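Residue numbers (my numbering), protein chains in the order written: chain A, 1 to 399; chain B, 1 to 307.
Mixed in with the good hints, there may be bad ones.
On the chain B side, residues computed to face chain A include the following (Cβ under 10 Å) [claimed, not checked]:
1) D106
2) S107
3) C119
4) D142
Computed cross-link-like contacts, BS3-like style, restricted to lysine-lysine with a CA-CA straight-line distance of at most 30 Å [to be verified]:
5) A/K83 x B/K128
6) A/K226 x A/K215
7) B/K84 x A/K160
8) A/K288 x A/K369
In case anyone wonders, no lab produced these hints; they're calculated from the structure.
If you're wondering where the values come from, they're calculated on a predicted model, not measured in any experiment.
Positions of the beta carbon are idealized from the N, C-alpha and C atoms, including for glycine.
Here are the chains, one letter per residue:
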Amino acid sequence: MINIFLLLRVIMEVTYKAPKLIAPEEEDFITTMPDDVVTNILDRLPIQDAVGTSILARNWRFKWNMLSQLVFDDDFFHYLSYKAGDTNNYGCIISRLLFHLNGAITRFVLRRKLDDENVSHWILFLSRKGIKDLTLAHDGITPFKLPTRFFSCLEFKHLKLYNCCLSPPPTFLGFPNLLSLQLFRENSELGEFIIRCPLLEILILYDSDKVGKVKLDEIAQLKNLKILSFSLSHLNTTMTVSSYNIFELLDSLPKLQVLHLNFKDYKLTKGGAKKRFPAAFPSLKALKLYRIDLCNGENLSCAFELIKSCPNLQTLEILAIQQEADPIPIPEVEYNITGLKSVELINLKGSENEVHLIKYLFACSPLLKMIVIRPRYSLAPGEQLMFARKLLMLRRASA
Amino acid sequence: MAMLKPEMKSFIWLETSDGLIQQVEEEVAMFCPMIRREVFHKSMGSSKNHAIKLPDRVTPAVLGLILDYCRFHQVAGRSNKERKTFDEKFMRLDANKLCDLVSAADSLQVRPLVDLTSCAIARMISGKTAEEIRETFHIADDLTEEEKLEPIKFKTDDSRVRLLNRLYARKRKQLKAREKSKNVEVEEEPVEDRSVDDLLSFINSGDEDSKGVKPAKNKKRNRRRKHHRKDPSPNTENKNNYKETDSLSSSHNSEIEDARNQIICSELLGYASAESDFDDGLDPALREQLDREVEDFAQRLNSVWSK
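Bound-form chain A, shown alone:
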């Protein structure tokens, strides 16, 4: 008899529930949605939450099997470390997860160094599931060598490969659908690779010590490029770069809207034929010059030329360094109107050249809404004050 009371208690204490009798008008909202809508929603959840929906109700048990976007990032691994502990199991856990997935997988992000073999197997699996967007990023010491299978996934649209080793097999004909490529710490000969991806719109080569080798004219073949970011150190080192080369590149990329150029302490060489490029570059909207030494004559005039020949330029960012001891005489520049809306100049020293540039910008940019000037960190307060005073004295075209 005591057991009956216990039974009652058990029922109340333990969260056992008889299936709720839902009145017809109060019917479940979410379960009646079409499958692709549900998949769309689950895709936006962190993986652990998406998988967790399997205990909501009977017909939710396998809804997560249609997940099409898998993101294994820091949040996920933090969660795993809290639940599963031993890091050696992570590969296992992900593999098991992959087994359950039924539908196409279009996006896969992995931001952790896991066992190379596992990753290779996953790439093989994904290649059969229509993978379009792949991010492999880790900060291990040895780069990950991409398996041959990787190069036969012709549906790739977006690739972010950090610390991987791209060595395509001889039969590789390129990724015909590739729209964006971001590489970090990539060592191999990139030129061959990128010229085989004709639709490429975004090419970002992150600066790093280990450099890939690419030629300017190889980049120039990517006629669809909209966003380009690379460092001069990425270029084939047998070539020295002059501003002529840069303008040549811009000329051959008619759709380019954003250019980030990392000078990486290089100095542009003089010369190349002093051909004046007649056309402006109307498509360029944003320009970022990183680690450029404005005390160097070539660099400075290149900067001026770029600003002048891009009438639709809206954003300008310059991170300056100061290497050269004696600034050269300031070149004469014609003033014309720019369309600049926002300018950011960082790490300036307040030298004559820099002030000259700022003066030009002030005078020629009637649309200027925002200008941020950050002086060099190590500048003494006295120098800072002088710099500021010089700036305030400049004539401004904008309101």
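With chain A's structure known, arrange chain B on it following the hints.
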């Protein structure tokens, strides 16, 4: 009919699932690809008799919402900030309306609205426990305890479910043991309503045990008390006592780690291996840990053990 006044807009006729026919400004309605297709390819919607029949999911109320969205966004001159602010306000709906909205928007193929609403729904789901999600969306909880306990990858939402998982496995181990040594009385429990009976028989078997080995129980309890004093696990995140593995792992040695990993692995693999692992791989400390948890759980029930 009617003279075309210069400022007269053109309208599209739409029929919703309940038969209600209404007319909507053309540029607003054409924001929906599905309606656009009907107009261009099938020449529908130009008059009341040829109203475009909207999919079932589109009720008048939700159509109103969708048209509000279209009306705002089809104006080209709005800034991104304005659109974002509108979207945020627009999403302040309850779960019911959001679900209706996303289904209807999907059938009308208004992709940006589908994405926006899906995001909002995902935000409602993310980070909540299963119970809370069921609450929000009125999902009937029709899984039996058994099904809930079936190890689901690495996520069991409720800590109690996880504990029940272990209790269940342990109970089955006990049953097997009893099967070997004693007669088959215990086996004859009705199988249909398993979940409640499982727990009940667990309590029953617990009863038996306690009667049989009372001195041992006390010893276990003393040990538990001692352990509690000895092991203040500093880096725990327990919400309750039952986050066993996490709270106690820090103070145990690597043997426990391995055993614990085995349990996690077995959770991931499924029942089959779990049992054998439990039978073979448990070392005394871990078994003790389990006993402790069971006792805690029983304490919470204000139940059997104290008899």
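For each hint, the structure was consulted:
1. D106: B/D106 check passes; min Cβ-Cβ to chain A is 5 Å, inside 10 Å.
2. S107: holds, 8 Å
3. C119: holds, 6 Å
4. D142: Holds. Min distance 4 Å.
5. A/K83 x B/K128: The hint holds at about 17 Å.
6. A/K226 x A/K215: Satisfied, since the Cα-Cα distance of roughly 18 Å is no more than 30 Å.
7. B/K84 x A/K160: Within the cut-off at roughly 28 Å; holds.
8. A/K288 x A/K369: Distance of about 18 Å is within 30 Å: holds.
Of the numbered hints given earlier, the model fails none.
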